[in-house]
Amino acid sequence: MLFKKQDKTQSESSEGAEVKKSAHKGNSHYLSAKESREIAKSNARAMREYEKKKRVKHVDESVYTCKMQDENNIVEFDDLHTYFFTDAGVAKAVDGVTFSIPKGATVGVVGESGCGKSVTSLSLMQLVQAPQGQIVGGSIRFNMGDKAYDIAKMPINEMRKIRGKQIAMIFQEPMTSLNPVFRIGYQLDEMVLLHTGCTKEEAKAHSIEMLKLVGIAAPERVYSCYPHELSGGMRQRVMIAIALSCDPRLIIADEPTTALDVTIQAQILDLLREIKQKIDGSIMLITHDLGVIAEMADYVVVMYAGRVIETGTTEEIFHNPLHPYTIGLQKSKPVVKRKVDRLYNIPGQVPNPIDMPNFCYFKDRCDKCIDKCNGEYPHFVQVSPTHRVSCYLYEEKGAEGGSNE
Amino acid sequence: MFKYIVKRVLLGILIIFGVSIILYALLDSVPGDFVENRFMSNPNVANSPARINQMRALYGLDASTLGGYIKWMFGDWWMPEKWFWGIYDDGELIEASFWGTMKLNTHGAIAFDFGTSFVYEAPVTEVIADHMWTSFALTLVSLIIYYPLAVFLGTRAAVKQYGAFDYTTTVLTMIGISFPTFFLSAIVIKIFVYDLGWFELGLTSPDFSGSGWDLFWNQAWHLILPMFVVVILSIGSVMRYTRTNMLEVLSADYIRTARAKGLSERSVVYKHAFKNTMIPMVTVLAGLLPSLFGGSMILEDCFNIPGIGQYSYNAMNQGDIMFVMGYNMFLAVLTVIGMILTDIMYVVVDPRVKLT
Numbered sequence: 187m188l189f190k191k192q193d194k195t196q197s198e199s200s201e202g203a204e205v206k207k208s209a210h211k212g213n214s215h216y217l218s219a220k221e222s223r224e225i226a227k228s229n230a231r232a233m234r235e236y237e238k239k240k241r242v243k244h245v246d247e248s249v250y251t252c253k254m255q256d257e258n259n260i261v262e263f264d265d266l267h268t269y270f271f272t273d274a275g276v277a278k279a280v281d282g283v284t285f286s287i288p289k290g291a292t293v294g295v296v297g298e299s300g301c302g303k304s305v306t307s308l309s310l311m312q313l314v315q316a317p318q319g320q321i322v323g324g325s326i327r328f329n330m331g332d333k334a335y336d337i338a339k340m341p342i343n344e345m346r347k348i349r350g351k352q353i354a355m356i357f358q359e360p361m362t363s364l365n366p367v368f369r370i371g372y373q374l375d376e377m378v379l380l381h382t383g384c385t386k387e388e389a390k391a392h393s394i395e396m397l398k399l400v401g402i403a404a405p406e407r408v409y410s411c412y413p414h415e416l417s418g419g420m421r422q423r424v425m426i427a428i429a430l431s432c433d434p435r436l437i438i439a440d441e442p443t444t445a446l447d448v449t450i451q452a453q454i455l456d457l458l459r460e461i462k463q464k465i466d467g468s469i470m471l472i473t474h475d476l477g478v479i480a481e482m483a484d485y486v487v488v489m490y491a492g493r494v495i496e497t498g499t500t501e502e503i504f505h506n507p508l509h510p511y512t513i514g515l516q517k518s519k520p521v522v523k524r525k526v527d528r529l530y531n532i533p534g535q536v537p538n539p540i541d542m543p544n545f546c547y548f549k550d551r552c553d554k555c556i557d558k559c560n561g562e563y564p565h566f567v568q569v570s571p572t573h574r575v576s577c578y579l580y581e582e583k584g585a586e587g588g589s590n591e
Numbered sequence: 273m274f275k276y277i278v279k280r281v282l283l284g285i286l287i288i289f290g291v292s293i294i295l296y297a298l299l300d301s302v303p304g305d306f307v308e309n310r311f312m313s314n315p316n317v318a319n320s321p322a323r324i325n326q327m328r329a330l331y332g333l334d335a336s337t338l339g340g341y342i343k344w345m346f347g348d349w350w351m352p353e354k355w356f357w358g359i360y361d362d363g364e365l366i367e368a369s370f371w372g373t374m375k376l377n378t379h380g381a382i383a384f385d386f387g388t389s390f391v392y393e394a395p396v397t398e399v400i401a402d403h404m405w406t407s408f409a410l411t412l413v414s415l416i417i418y419y420p421l422a423v424f425l426g427t428r429a430a431v432k433q434y435g436a437f438d439y440t441t442t443v444l445t446m447i448g449i450s451f452p453t454f455f456l457s458a459i460v461i462k463i464f465v466y467d468l469g470w471f472e473l474g475l476t477s478p479d480f481s482g483s484g485w486d487l488f489w490n491q492a493w494h495l496i497l498p499m500f501v502v503v504i505l506s507i508g509s510v511m512r513y514t515r516t517n518m519l520e521v522l523s524a525d526y527i528r529t530a531r532a533k534g535l536s537e538r539s540v541v542y543k544h545a546f547k548n549t550m551i552p553m554v555t556v557l558a559g560l561l562p563s564l565f566g567g568s569m570i571l572e573d574c575f576n577i578p579g580i581g582q583y584s585y586n587a588m589n590q591g592d593i594m595f596v597m598g599y600n601m602f603l604a605v606l607t608v609i610g611m612i613l614t615d616i617m618y619v620v621v622d623p624r625v626k627l628t
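Taken in order, these protein sequences are the chains called A and B. Throughout the first sequence, residue numbering follows my numbering, covering 187 to 591 in sequence. Throughout the second sequence, residue numbering follows my numbering, covering 273 to 628 in sequence.
There may be inaccurate statements among the hints.
As the list claims (entries may be wrong) - Quick partial rundown of chain B residues pointing at chain A, CB under 10 Å, derived from the structure:
#1 Tyr434
#2 Ala524
#3 Asp525
#4 Ile527
#5 Ala530
#6 Lys533
#7 Gly534
#8 Leu535
#9 Ser539
#10 Lys543
#11 His544
#12 Ala545
#13 Met550
#14 Asp622
Worth flagging that the hints you see were computed from the coordinates, not collected in a lab. Cβ atoms here follow ideal geometry from the backbone N, Cα and C, with glycine treated the same way.
Chain A on its own, in the form it takes in the complex (with noise of 0.2 Å):
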């Protein structure tokens, strides 16, 4: 017995270390004690000098201010740079993407989890879990009618005017966006309250209103109601409700729809959609599901591991889709009446944004790579006006590229 138990406890052991042996070859991501020290304190630097940068009090309007590319965009990405200071080293979690939100558009974002959708996003807002995420570089101009701010230059106390007023956000998670020890009616009315000074029972009266506006059958009830009074649905109506109160010029769903059941989804579509005739604004759509994009979205931007990879009109990224992952995402997805054994699926996973060599991320779950595809990371081809996609396979045929389906 005693024999017994000496023997599993030596394979135990010696099991272990092959796993650590293993792990120091195969993982990249392995540390020696000098390196996280290293990364620990290259950090803590950076981090340092990002957030004192942002908690400047007073800086010149002039620092900030720029000009729009095209004066009919609202938001316009350029060359974003967005990371996370890890202790497993720096994450590249938004890396130069570029984009722009026409005015009364809607744009969608899509791409697996973990591709800086949602880091995009929060990056226009400046919400990036400080300090370990900070904004790095590039710039996001945010038009604000008669001029333009460089959101990513902006010190907080400024864009603390911007955030609600005039960028407004839906989250993903209802069940947990709402404040739980406050009423509703509070929730509502301090955003009101906040940027337009009006008085309490003007605010009371306007979020009541705001509430019938995304569909609440008893607003006077709701209004006094905590959040845990009220299904998923209702707290998403009510999120939407808090984004629409201070009537902004652009709306951030960040996957509005992905912790509701389907039908309730269909209904909060359906109501961003009406909501954006309303108000005639722009929305910046997030999400996963290429049906929803399908639906809701005038232009689609395709993202991967941090990038931009493709962006189109919908019509052009549904009916010709060019870059491999692209492809590879819509046959992921299951169609009404053609008949599949299996649905197809990418293989492999978004690579962790640590230390990326200068090659296409793509290329590791790429079914089309080619020889070209160990160079450095392609650049942009532009296939039609507003068709753009960053892939080796179309760089030289161009144009031609559509007749590839």
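Chain A is already provided as a structure; the job is to place chain B on it using the hints.
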């Protein structure tokens, strides 16, 4: 709600019964009872076993454990005289009955008659009532000082996580938590009482004879040092608790929503996050009830303050089973009430909780 409270109270009574049985059994099995402690060193008594037996009978200490407990709990006024007997041989007790050899005509703890303290020679309830308030004042004032301070420091530390303020308060409060009471008391006494001579030990100055406000100020002055020690010792845990809670709340989704609304960092932290942080904090407060009235044995003994803590400490040392039982039952009742209050506090501060 009402039904729930009734249920909890009934359960509490059951708990208190259980506690009393365990306590009595433990105290009864402690070697060296009150009579031994007090009279064995007296040569006149020590030489006469008969006298010792007489004393034991007089204090009701010669009953068996179970018999003694029943007498303590339910009194012996209802017991017939014939239950009490002893077989003596030449004055020495050979065998005492299950109930002991003497009927004392007590009414028992069930009738709130906790008997007479052997050491203080007064009814236990009276001794507790007389000395409770000194301890209460000491703990309450310290609590009023350290609790808000700890909550404030914890919140600040959480907001500036990993900053200089966070590290400084963490280290300092950790030092505070790590000190044993007697050690910190000894240091404080050495510095402020003996070296600097700013304070005195005890509750009142030895030659003081005033009353009214004079007495109040004199006593308040004497309580400053112990309060200081309590604050230093207690602030750490509450501060750490606040900090942990606050950090958890600050990473919640609804805080991001609050920021997305455009609220200032101040109102995000001190309105939206703070109210959520306070939910566990307030309930902890209700759980502090026993320590509020129970006093602190070591602290009061160090500073020679005649509070309930010091009294029970002395009683414990001398085997005063009546007083120790009374004091511990007092604490047990407070603990049970504190637990019920904690539940009620949850309903008050958290709209999601409903008691059924």
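Verification of the supplied hints:
1. Of the supplied interface hints, the one on B/Tyr434 holds, with its beta-carbon coming within about 8 Å of a beta-carbon of chain A, less than 10 Å.
2. Here the hint on B/Ala524 is kept, as its CB sits about 7 Å from the closest CB of chain A, short of 10 Å.
3. The restraint placing B/Asp525 at the interface with chain A holds, with a minimum CB-CB distance near 4 Å, inside the 10 Å limit.
4. Given the 10 Å rule on beta carbons, the hint for B/Ile527 holds: about 8 Å separates it from the nearest Cβ of chain A.
5. With 10 Å as the threshold, the beta carbon of B/Ala530 comes within range of chain A, its nearest partner Cβ sitting at about 7 Å, so the hint holds.
6. Interface hint status for B/Lys533: upheld, as the beta-carbon distance to the closest one in chain A is roughly 4 Å, under 10 Å.
7. Annotation: interface hint on B/Gly534 holds; nearest CB of chain A at approximately 3 Å, less than 10 Å.
8. Checking B/Leu535 against chain A by beta carbon gives a least distance of about 6 Å; that is within 10 Å, so the hint holds.
9. At its closest, the beta carbon of B/Ser539 sits 9 Å from a beta carbon of chain A; the interface hint therefore holds under the 10 Å criterion.
10. Satisfaction of the interface hint for B/Lys543 is found here, the shortest Cβ-Cβ separation to chain A being roughly 9 Å, below the 10 Å cut-off.
11. A hinted interface residue such as B/His544 counts as satisfied when its beta carbon comes closer than 10 Å to some beta carbon of chain A; here the least separation is about 5 Å, so the hint holds.
12. Because the smallest distance between the Cβ of B/Ala545 and any Cβ of chain A comes to about 9 Å, under 10 Å, the interface hint for this residue holds.
13. This hint holds: B/Met550 has a C-beta 9 Å from the nearest C-beta of chain A, less than the 10 Å allowed.
14. Restraint check, B/Asp622 versus chain A: the minimum CB separation of about 7 Å is within 10 Å; hint holds.
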